[in-house]
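Given these sequences and hints, build the entire structure.
Numbered according to mature numbering (1 follows the signal peptide of the UniProt record, and there is no 0), the sequence shown spans residues -21 to -1, 1 to 673.
It is worth saying that the hints were derived from the structure and are not from the lab.
Keep in mind that the hints are not guaranteed to be accurate.
Stated by the list, open to error - Dumping the calculated DSS-like pairs for lysine-lysine here, alpha-carbon to alpha-carbon at most 27 Å: (1) K341 to K274; (2) K175 to K104; (3) K459 to K383; (4) K175 to K207; (5) K404 to K366; (6) K366 to K459; (7) K601 to K572; (8) K10 to K52; (9) K459 to K496.
What the hints assert, rightly or not - Derived CB-CB ranges, DEER-like: (10) A622 to G455: 43 to 51 Å; (11) R95 to G212: 44 to 52 Å; (12) P483 to H557: 47 to 55 Å; (13) E138 to A62: 26 to 34 Å; (14) G212 to A62: 16 to 24 Å; (15) S239 to T268: 53 to 61 Å; (16) S391 to T333: 50 to 58 Å; (17) F50 to E138: 44 to 52 Å; (18) V314 to L377: 39 to 47 Å; (19) S239 to R95: 50 to 58 Å.
Note that CB positions come from ideal geometry on N, CA and C, so glycine has one too.
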Amino acid sequence: MGLTVLSVLSLFLLNITLCCGEAQDAELSLKPNVSHLFAGESVTFICDMREGNATDWLYKFNWNDQEMVHFTKSSSYSLYLTAELSGNYQCIGHRNGLTDFTKRSNNLTLSISALRPTATITADKTTIPVGGSVTLTCSVQGSAGWTFDWFRQIPDSREVVIDTNTLQNFVSVSDEGIYRCRGRRGNPVFFTNLSKVYHIQKTLSNRAFVTLQQNWTQIFSGEMITIKCEIQGGENTEWQYEWRTTSSKTPPTHSEYNISSASFSYNGQYWCKGRRDLFFSTAWSDAFTLKVSNKPRPTITADRRTIPAGGNATLSCSVGSYNEWKYFWFRRASVFSEIQVIRNEEPDQMITVTQGGIYYCKGGRGNPVFFTEDSDPITIEKRVSNKAVVSLEPSWPLIFSGEKITVRCQISLGGSTEWEYEWSKPDSSTGLPNDASINLNASVINSGSYRCMGKNKQEFYSVTEWSDVITLTVSGNRPKSSISADNRVLPEGDTVTLTCSVTPSTPGWSYYWYRGKKTSEPLTMAEVVLHSDGQIGVSQEGDYWCRGGRGNPVYYTDYSDVISIKQTVRNRPAVTLHPNWPEVYSGETITLKCEIPGEDTEWDYEWATSSSHQPPNQNEYKINSVSTSHRGHYWCKGRMRSAQQNSTMWSASFQLKIDYEPRPVLTVSPSWLSPGASVTLNCEVEHPSAGWSF
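Following this line, the structure appears as structure tokens:
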């Protein structure tokens, strides 16, 4: 009973499902199985009910919920695509014999592009190396499921298929040519557009070289040069040339690159290659580096700067270490004279010259000639046989500050040659003139050794040897004159000799004599007796000065000190002792008198002594207690009060001798006495002298 009820329930549920059910486990697939499709392709929809046999079902296909195909026995449906057919697709199955039982598939969404796709061809390199190959790759952007066709064409031939329907999207080729590809898929086959052509070149075994036609190691700004592309072993081939460079210039497409004036903008690396035709070329050459430098300045040197008489000098001109230069030589006779070309295109760097002058050189190379800068000038002097002699005028060994002096240069055997003079004074900080003589108002800074040389004005660098030096010594102190006299007292009717000298002692002085005031005019020869240079005799008393003078204009020494000459009178004084004892003893009182004949004349007195006591200027010198310090000689003279310029001569010397205090001596006579007899006592002074009392 239970089994019967269960069976009836199962049949009831099955009947409900068959009558009214709609399962959704059918599967709709697409062939080809791609998501991105193109107009013109054909696709096939395949509907799988996933139960029973395919023939148990009727199939319907919908597009965007619209029926495309009513129920049919075919489980597949092929469709030629257009862009408008993009959208959602679904299939529905109906089980034969069960009218109300259907199954729905999943939705398939198709995206259909209106434009046919174009294949893209690429290569890992564009040129096939010698013995190598190139890998080409073909792709269709944004879609899959393609196989590929490959095509190649060479000049003057038709395009051929080199491979077709390949699953791999790449191919390796070892031949040059124009390549392209396309993709294919589906049935019937749908083709993409052909790719653009891709040129594959092949490298030849010939080797290219970039060379500099001039083969110089360095190029200078302004030079004309040619860079060449040479291909080894390709002499009989007509080549097309390609260049590339890191410089800012663009080379031409032929074998030579002519640069008319090199500049820094040409600096860089250069490569070239040769092309035989569209597909065959050499490999790129190695890099050639072009470096353009500033225009060079050569260096000029000389083995000597002074050519001895009858000799020569060797000059050398050098532009670095390069040997492709030729040298051009130039000379000036003086700074302002015309330039003389003395040598052109001299291959040797050295020349020999025998003339003085200013020389310079420059280098040149190439055609047309490219010139360097001019070298710095070098001055060459030529010694002539004439001798220079320097002298001082006047030629005094010592010159004083303020004197006028001329230093003169004379050229022996100068003839009619016009000379310019050069002076040398090693310690001079100022320039010296170019004249034959230097006129100096002497000062200490002019001291030093002078020498000179002569330069020929027509051949300015023809010069004499330096003269021997002459030393000029200038004292900064004005010299002083000294005056002396053989006697300062002028005897009546006689003369006194005055001598004037200059310190320091130097030659050339004349002497000027003055009496009275320094502002007076010098004495004339009528007023003096000239004994010799620097000595005169005078017969008048007075104050005398002198000074020396020399040169033109006269340079004077300082005045001498004054010397006074006094004229004597006939009266002759005498020094007398009072009392007039022959011996004077220490402690005694004495008087020295100056006695002058001529009682009517009033005198002033002067004393002189060799003792340590100076008598007063009176006629008497009283000494109350004479001592040994008063010993000595005494002189006196008188000067008239009414005519002070008149004086006597000095008296004769009076010698004052002082002895020590004497000792008295007592004697008895007779010496033997008897009682009651008388005796005589006698008292005497040792060394008896007059004037004693006892």
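Verification of the supplied hints:
no., hint, verdict
1, K341 to K274, "11 Å, holds"
2, K175 to K104, "16 Å, holds"
3, K459 to K383, "18 Å, holds"
4, K175 to K207, "36 Å, violated"
5, K404 to K366, "18 Å, holds"
6, K366 to K459, "40 Å, violated"
7, K601 to K572, "8 Å, holds"
8, K10 to K52, "19 Å, holds"
9, K459 to K496, "18 Å, holds"
10, A622 to G455: 43 to 51 Å, "46 Å, holds"
11, R95 to G212: 44 to 52 Å, "49 Å, holds"
12, P483 to H557: 47 to 55 Å, "54 Å, holds"
13, E138 to A62: 26 to 34 Å, "31 Å, holds"
14, G212 to A62: 16 to 24 Å, "59 Å, violated"
15, S239 to T268: 53 to 61 Å, "21 Å, violated"
16, S391 to T333: 50 to 58 Å, "23 Å, violated"
17, F50 to E138: 44 to 52 Å, "50 Å, holds"
18, V314 to L377: 39 to 47 Å, "40 Å, holds"
19, S239 to R95: 50 to 58 Å, "56 Å, holds"
Hints 4, 6, 14, 15 and 16 from the earlier list are contradicted by this structure; the remaining hints agree with it.
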